[in-house]
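K.L.:
Sequence:
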Amino acid sequence: MSIKFNCPHCQFAYRLPDKLAGSKAKCKNPECRKLIVIPSPVTIPDDAAPPMPDAATLEAAALNALSDEPPKVTEVPVQEKVIPMTCTFCEHKWTEPWAKGGKNTLCPNPECRQRQRVPEPKEDVPTDWRQQKSKLPTLAKQNFEKLEGVVSAGDIGNVSGGAIREAGVFDDLIDPVPLKQKILVGVAIFGLVASVIFGIWYLRSSRIEKSEDRLMADARDEFDKKAVPELSPTGAGLSSAVLNAAAAEYSLDKALENADALKLKEAQTHFDKARGDLRKQPPSLDRNAVAAELALAVFAFAGTDEQVKAQLRYRWQPDTESGRAMRLNERSHTIHQELATTLQLLLPADYDFRIAVARRLTRELVKRGQAGMAVDLLPVAMFTEQENSEARAVIALEIFRADKTSPLPRQVADELKAAFASGAKGNPFPASAQTLFTVLTIEKALVVVSPPPPSGPIQNFAIALAQAGVLLLDDKPEPALALAQRVTQPEQQMKVLMLCAEWAKDPGPALDAVTKLITDAKGQKQITLSPSHVLRLSQIAAISGKHEQSKTLADSLADDGLKAWAKGDAVRLRLASNPAEKADENWVELPDDPKKVRAGHAWGRMWVARQNAKESQNPNKERKATANWPPTVRPFALAGIALGLQDK
Numbered sequence: 011m012s013i014k015f016n017c018p019h020c021q022f023a024y025r026l027p028d029k030l031a032g033s034k035a036k037c038k039n040p041e042c043r044k045l046i047v048i049p050s051p052v053t054i055p056d057d058a059a060p061p062m063p064d065a066a067t068l069e070a071a072a073l074n075a076l077s078d079e080p081p082k083v084t085e086v087p088v089q090e091k092v093i094p095m096t097c098t099f100c101e102h103k104w105t106e107p108w109a110k111g112g113k114n115t116l117c118p119n120p121e122c123r124q125r126q127r128v129p130e131p132k133e134d135v136p137t138d139w140r141q142q143k144s145k146l147p148t149l150a151k152q153n154f155e156k157l158e159g160v161v162s163a164g165d166i167g168n169v170s171g172g173a174i175r176e177a178g179v180f181d182d183l184i185d186p187v188p189l190k191q192k193i194l195v196g197v198a199i200f201g202l203v204a205s206v207i208f209g210i211w212y213l214r215s216s217r218i219e220k221s222e223d224r225l226m227a228d229a230r231d232e233f234d235k236k237a238v239p240e241l242s243p244t245g246a247g248l249s250s251a252v253l254n255a256a257a258a259e260y261s262l263d264k265a266l267e268n269a270d271a272l273k274l275k276e277a278q279t280h281f282d283k284a285r286g287d288l289r290k291q292p293p294s295l296d297r298n299a300v301a302a303e304l305a306l307a308v309f310a311f312a313g314t315d316e317q318v319k320a321q322l323r324y325r326w327q328p329d330t331e332s333g334r335a336m337r338l339n340e341r342s343h344t345i346h347q348e349l350a351t352t353l354q355l356l357l358p359a360d361y362d363f364r365i366a367v368a369r370r371l372t373r374e375l376v377k378r379g380q381a382g383m384a385v386d387l388l389p390v391a392m393f394t395e396q397e398n399s400e401a402r403a404v405i406a407l408e409i410f411r412a413d414k415t416s417p418l419p420r421q422v423a424d425e426l427k428a429a430f431a432s433g434a435k436g437n438p439f440p441a442s443a444q445t446l447f448t449v450l451t452i453e454k455a456l457v458v459v460s461p462p463p464p465s466g467p468i469q470n471f472a473i474a475l476a477q478a479g480v481l482l483l484d485d486k487p488e489p490a491l492a493l494a495q496r497v498t499q500p501e502q503q504m505k506v507l508m509l510c511a512e513w514a515k516d517p518g519p520a521l522d523a524v525t526k527l528i529t530d531a532k533g534q535k536q537i538t539l540s541p542s543h544v545l546r547l548s549q550i551a552a553i554s555g556k557h558e559q560s561k562t563l564a565d566s567l568a569d570d571g572l573k574a575w576a577k578g579d580a581v582r583l584r585l586a587s588n589p590a591e592k593a594d595e596n597w598v599e600l601p602d603d604p605k606k607v608r609a610g611h612a613w614g615r616m617w618v619a620r621q622n623a624k625e626s627q628n629p630n631k632e633r634k635a636t637a638n639w640p641p642t643v644r645p646f647a648l649a650g651i652a653l654g655l656q657d658k
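Note that this note's numbering has the sequence shown beginning at 11, numbered continuously upward.
Quick caveat, the hints were computed from the structure, so don't treat them as lab data.
The model shown is predicted, which means the values in this text are computed figures rather than measured ones.
Among the clues, some could well be false.
As the list claims (entries may be wrong) - Per label pair, the in silico range of CB-to-CB distance:
(1) Asn628 to Asp424: 56 to 64 angstroms
(2) Val197 to Pro328: 47 to 55 angstroms
(3) Glu316 to Lys486: 40 to 48 angstroms
(4) Lys486 to Asn638: 46 to 54 angstroms
(5) Lys103 to Leu30: 14 to 22 angstroms
(6) Asn437 to Pro293: 55 to 63 angstroms
(7) Asn168 to Gly196: 31 to 39 angstroms
(8) Gly172 to Lys192: 23 to 31 angstroms
(9) Arg373 to Pro293: 24 to 32 angstroms
(10) Glu316 to Pro188: 21 to 29 angstroms
(11) Ser587 to Asn628: 18 to 26 angstroms
(12) Pro120 to Leu26: 53 to 61 angstroms
Cβ coordinates follow ideal geometry from the N, Cα and C atoms, glycine included.
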């Protein structure tokens, strides 16, 4: 039980335990601090009843309640009226003026100072049943409590529609709809909506497709009207072949996309035109480069059995199983036939160029499960009888690198073993055959070349080439590179270095050695390095991401056409290694004289436009981006955009 009291000096409120009763203490009010005595608690019995008023008091109260005149109450001036307050936080007691009723105030206790609401004061007057106790205006509408079970005139209203429906008034007026009719209506509505959606999609797709088709047609139109008059005859012919090859690729993609057999025929027409353009040109290094790309492009015509049946693609080999006789004037297309025809364009090229292309073709054929075609077709279609032995060995080694379980390399090795036993070797010297015999451990095979000496210079490069191949296939690139650098003749040393760059997982050291070799040979007329080797090394550098080294190797080429092709093809290879990279037109710099623009410039710029269109999928944006390209390469921007939109 607690003791509640106020300081007799300052009226500061206290609430203390009853055990402190009778103790003396100083008031904790800083403005008082006087000595006080804590009083004892006052106890009132729980059963104590309030005192009963006397009879005279009760009689007077009854007379006042029943009298016509309310009892007079002595009015107290407002200034003297106060409202008692007790803090709900610290129980401090004080008074507030009568006028502050219903407002907020602060507790005067300096240790509390909490905000309090002053209660509204109540007049201490007798209850008068004749006075209305309400703050509403006199004529305000009263919300009287509605008695349960009583209906008044104010409750009368119109019958609601919901009540009528619940009562079933309208049930006899509406015939029930059969389920079949509901289904038919639903199907009709769905069909109508689907037709509208399909129509919108078809119109939009048709417009986009026509726009893409228009790009390729515009490219050819601009080339014939604006580019050809400014280009040299050779530049125009080779560039035309590039453009026709792009059109063939575009039509091939459309054939599968739209399941349109006519597009395959259209692609074949464009491809025939590309080969025709090359046949009209005199032999040149950049002509060989374009022919190599056409040979690789033949594989795009190959397809699955289903695509062949639908006449959307060609089969790999002639059909010998169905036994169907060919109709009169019917032309049958196969990849074997198209590749053989295209490879005829490469016959004027030097051996080094052709063997590099054979390596690329073999790798692609192995990926497509056609290693047998590489063994059977490439040596015959690309090489002379004297070159056949070395070419077959190189092709067999490429197959062995890709698939060590294939029986074809051993088959080729056995055939070469039998041929060498009869004395046939050929030219160039079949050093790769010795590599093939060694890695396959062919028993009793003729030793074509002896092993290299343990140290010192090597005069016969065939010794180094054969042993370097063995080391590279055994994943030992460092000894192979050291062996290549021991070859004394720079021209022969480059052959071995190129093999190191082709087969090593990291071609960087071999490329560095080649770059140094080219730098040292500069200005020495007696040294003639193969431009075909330099072109291939530039391509390998671009594939491995060494773009500056690729450019350096390309710049070392004396032939302008081959130099332009090396730089243009470096763009293709760079983007193939980095599919999301944005292409820059400055990667392919154009000469000021339009007569000096070569097919390589067109090839590189086409890949720039193709890459950016593939990433943006916005033909209008890419048209604007290439609008300022010179007329000699502008058509290839349009062709690249068309192909890039298909690459999505």
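K.L.:
Now tell me, hint by hint, if it's right for this structure.
P.N.:
Hints versus structure:
1. Asn628 to Asp424: 56 to 64 angstroms: holds, 57 angstroms
2. Val197 to Pro328: 47 to 55 angstroms: Distance hint for Val197, Pro328 holds at roughly 51 angstroms.
3. Glu316 to Lys486: 40 to 48 angstroms: holds, 45 angstroms
4. Lys486 to Asn638: 46 to 54 angstroms: The hint (46 to 54 angstroms, Cβ to Cβ) holds, given that Lys486 and Asn638 are roughly 52 angstroms apart.
5. Lys103 to Leu30: 14 to 22 angstroms: holds, 19 angstroms
6. Asn437 to Pro293: 55 to 63 angstroms: violated, 21 angstroms
7. Asn168 to Gly196: 31 to 39 angstroms: holds, 37 angstroms
8. Gly172 to Lys192: 23 to 31 angstroms: Holds, at about 25 angstroms.
9. Arg373 to Pro293: 24 to 32 angstroms: Hint holds: Cβ distance 26 angstroms, inside 24 to 32 angstroms.
10. Glu316 to Pro188: 21 to 29 angstroms: violated, 46 angstroms
11. Ser587 to Asn628: 18 to 26 angstroms: holds, 24 angstroms
12. Pro120 to Leu26: 53 to 61 angstroms: Violated, since Pro120 and Leu26 (Cβ atoms, about 19 angstroms apart) do not stay within the stated range.
The structure shown violates the earlier hints numbered 6, 10, 12.
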